[in-house]
Amino acid sequence: MEPESLFEAPPLAEQERMVEAILFATAKPMKIAELAARLPHGCEVAQVLTMLQKRYDGRGVRLMKAGDEWAFRTAPDLGHLMQRETVEQRKLSRAAIETLAIIAYHQPVTRAEIEEIRGVSVSRGTVDLLMELGWIKLGRRRQTPGRPVTFTVTQGFLDHFGLENARDLPDLKELRAAGLLDNRPAPTLPDGEEDEDEDQDELFD
Amino acid sequence: MEPESLFEAPPLAEQERMVEAILFATAKPMKIAELAARLPHGCEVAQVLTMLQKRYDGRGVRLMKAGDEWAFRTAPDLGHLMQRETVEQRKLSRAAIETLAIIAYHQPVTRAEIEEIRGVSVSRGTVDLLMELGWIKLGRRRQTPGRPVTFTVTQGFLDHFGLENARDLPDLKELRAAGLLDNRPAPTLPDGEEDEDEDQDELFD
Amino acid sequence: MPDDFLFDNRDERMQAEALVINVDGYEGPLDLLLTLARTQKVDLRKISILALAEQYLVFVEAAKRLRIELAADYLVMAAWLAYLKSRLLLPPDPEEDGPSAEDLAAHLAFQLERLEAMRRAAAKIMGRDQLGRDFFPRGQIEEVRATRRVEYEATLVDLMRAYAGIRTREDFRPLHFEREPVLSMEEALTRMKGIIGTIVDWSDLESFLPEEWRHDPKKRRSAIAATFAASLELAKEGSLELRQSGTFEPIQMRKRAV
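From first to last, the protein sequence lines are chains U, R and G. Read in order, the letters of the first sequence correspond to residues 1 to 205 in the UniProt record's numbering. Read in order, the letters of the second sequence correspond to residues 1 to 205 in the UniProt record's numbering. Read in order, the letters of the third sequence correspond to residues 1 to 258 in the UniProt record's numbering.
Since the hints were derived computationally from the structure, they do not count as laboratory data. Just to be clear, a hint being listed does not mean it is correct.
[Unchecked claim] To give a feel for the contact side, a few chain U residues facing chain R, derived at Cβ under 7 Å:
1) Arg-17
2) Met-18
3) Ala-21
4) Phe-24
5) Ala-25
6) Arg-38
7) Gln-53
8) Asp-57
9) Gly-60
10) Val-61
11) Leu-81
12) Met-82
13) Val-127
[Stated by the list, open to error] Far from chain G, by Cβ distances over 12 Å, these chain R residues were calculated:
14) Pro-11
15) Ala-27
16) Ala-37
17) Gly-42
18) Met-51
19) Asp-57
20) Gly-58
21) Glu-98
22) Pro-108
23) Ile-114
24) Arg-142
25) Thr-150
26) Asp-171
Remember, predicted model here, so these are calculated numbers, not experimental data. We treat Cβ as the ideally placed atom computed from N, Cα and C, and that holds for glycine.
One chain only, chain U, in its complex shape (with noise of 0.2 Å):
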C-alpha cells in the first residue's frame, strides 16, 4: 500500500509545473507511464502534456510527440541559430536513405521484400548503420516459412525526423492510394528462378 494514494494529486497546474521541470530536464523523450512514475499518484499525465503543448506552442522551445513519447525541442525554424549545436551528422548513403525509407513505408518489412523493392541485396552494414542510428528495430518474425525477421523504425526515427506518427509520414495516403505500398508479388516465372534466390537469402538471415 503506498501512503501517496491517500492524499489527492496536486493541481493541474501544479501537475504541469512538474511535467515541464522533468521533461525540460532530459534529453530523451518520455513516455506517459515513465512520466506517471516520477510524478505523485492521480496525475492526469496525458491531459497536463496536452496542455503544456499548448502553452509551448509558437514559443521559442515546443513540446513534441514521437509516437507514445515526449520531449522538448527547439523551433525548427530557429535551426540556424543554433549551428554551434549542430553535431556534424554523418552523410547517410543512397542505400542507407532508400532502405530507411522502405521499411518507414512498408513496415514490418523482411529484408528479402526490401531487397525485392530496391533491386539489390542491403548490405549488412547498411541494417547495422541504420540500427545503430536507432532508427530500425527488429520487428516481430514473419509468419510464413523460414519466420524471417522484420524491421521497422523506431521512435527515435520518428523523433529525430519530426514525426509524431508513422502515419505523418510524407505522401503515405496518396502512396498507399495508389497501391504502391501493396505487397505485390512478382509473377512467378515458370522455372521459379527468383524465388529461390528469396529463400535462400533468408536462410542466411
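Take the given structure of chain U and dock chains R and G to it, following the hints.
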C-alpha cells in the same frame, strides 16, 4: 560585413523565442555577449532575458542568472522530482522476523524475554531495523529490578500485516490447524550460527 | 536477334554509351532501368516496357563494345528482358503456362514506379527538419539522481511461521532421551563400588543415596531401589554384608571382612 546588419533586428517577441531556444539547447550557461553573438544584430539581449525570466516565473523551469551567466534550471521546489527512487525488495532476516513475531505475540516484552524465547541473543541491528521499519516501538518500562524497556508492535505493523489487533494473531494450535506448522524443523541452521554473526555485527555497530 | 534492330536508333545508342560509362553509379539493374525509363520522358505509368527492354539491351551491348565488365545481375536482367521482349513481340504461345508477358511487363512497371516512389519519399523524409540539425534537444541535462530504497518484504504467513518455528523448536531437537527421574542399577553399582571400602560399620542403606536423589520422593524411591539392587549384587559377589532387623526396618550394610 555581416548581412544581418543591413536588416532591422527582429521584433522583441521573436528575439525572445530565439533566446529561449538557444538557452534551452545550450549545454552550459551563457553570457549576454555570447547570446548576442548568436542572434541577429541589434537584439536587445538584456531586455529579452528579463522578459523571458518573467515568462518562466512560477513555472516548473526558471531562467536563472548566476554571476553574469544565464541558464534554465528546474524550479527549486521541484528538485525532488529529479530523484528516481529504485525500490529493492529484500526479505527480512530470520532473526528479524522471529524477533518481530515474539514481540507481536508477547508484547510488551523485554529484550531479555525475547532472548529467552529465541534461545539466542538479539542484536541491536535487528531491533533498530524493526524500529526503522516502524513495526515496533518502545513500550513502558517493566516495573522489575533494572526497570528494563519493553517492546510492542505499532499501528504500522498492524497495517502492514492487515491485522486489527495483535491479539488477532493465531495461536500455536491454530497455526498448526492452518498447516503453518509442518512437522519438520525449520531449514536447519547450525545452532546459533546466524546469531553468532549477529553478535559480530553488534561488535561493529 | 539482328544487330541493326538494337542499333537502329543512333541517339539511343549514344545515350546508352553515355550511361554505361557511369555503370558504377547504379544501384543494380532496377536502378539502371529507372534511369533509362526517365529518358523516355513520360509518366512511369505510361512507359513502354518494350522500349525500356530495348534500351536496356542497347546499354548492355554498348557495355560489351566498350569492354566494360558488367556485374552478373545486370546480365541476368538483360537475359530476362530479352525473354520478356520476345514474349511481348511474339503472339502468345498457348502451350506455355505461367504469367503472360503483359503480367510480367506490368510487374516490372510496378517495381519501377514503386522504387521511384520510395526514392521520392526518402528524399522527403531527409528533407524534413531533423533533430540535431534543425531542431534541438535540451542541452543541459539535469542528471536524475537515483536513490535506492530497500523495502523489506514480510507477510503475515512469514511472521506466523517464524513464531511457530520458535515455539516448536523444542519438538525438533535431535532425538535423545531426557534424563528420567530414575537411577539405574548400573549407576548405583558403580557408585557403591566406589564407596564400599569406607563402610566398616553397619550403616543404613539410605545414608548412601546420592545427595541429589534424596529429596524428591519419586527420585528417592528410585535411588533406594537401585542402591538396594546394587548392594544385593555386591553381597552376591561376597564383597558386602546385608542385614534387616525386621519387616520395613532399615536395611543395613557393611564391608565384608576378608
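**Q.** Non-interface label on Asp-171(R), tested against every C-beta of chain G at 12 Å
**A.** Given that some Cβ of chain G is not farther than 12 Å from that of Asp-171(R), nearest at about 9 Å, it is violated.
(Q) Verify this label for me: Ala-37(R) is non-interface relative to chain G, using a Cβ-Cβ cutoff of 12 Å. (A) holds, 16 Å
**Q.** Evaluation of the interface hint that places Asp-57(U) against chain R, nearest CB under 7 Å
**A.** violated, 12 Å
Q: Evaluate the condition: distance from the CB of Asp-57(R) to the nearest CB of chain G exceeds 12 Å.
A: Fine: 19 Å to the nearest Cβ keeps Asp-57(R) off the interface.
Q. Quick one, is the Leu-81(U) hint okay against chain R at 7 Å, beta carbons?
A. For Leu-81(U), the interface hint holds, since the closest Cβ of chain R sits about 5 Å away, which is under 7 Å.
Q: Confirm or reject the statement that Met-51(R) sits farther than 12 Å, beta carbon to beta carbon, from all of chain G.
A: holds, 21 Å
Q | Beyond 12 Å from every chain G Cβ - status for Glu-98(R) | A | Its Cβ does come within 12 Å of chain G, the nearest being 5 Å, so this is violated.
**Q.** Agreement of hint Arg-17(U) with chain R interface, Cβ distance less than 7 Å
**A.** holds, 4 Å
Q: Check the non-interface label on Pro-108(R): least C-beta distance to chain G beyond 12 Å or not.
A: Its Cβ never comes within 12 Å of chain G, the nearest being 16 Å, so this holds.
Q. Would the least Cβ to Cβ distance between Gly-58(R) and chain G come out above 12 Å?
A. Consistent with the label, Gly-58(R) stays out of reach of chain G, its closest Cβ about 19 Å off (over 12 Å).
Q | Residue hint Val-127(U), partner chain R, criterion CB-CB below 7 Å | A | violated, 31 Å
Q | Interface hint for Phe-24(U), Cβ within 7 Å of any Cβ on chain R | A | Hint on Phe-24(U): holds, closest Cβ of chain R at ~4 Å, below 7 Å.
Violated hints, listed in ascending order, are 7, 8, 13, 15, 21, 23 and 26; each of the other numbered hints is respected by the structure.
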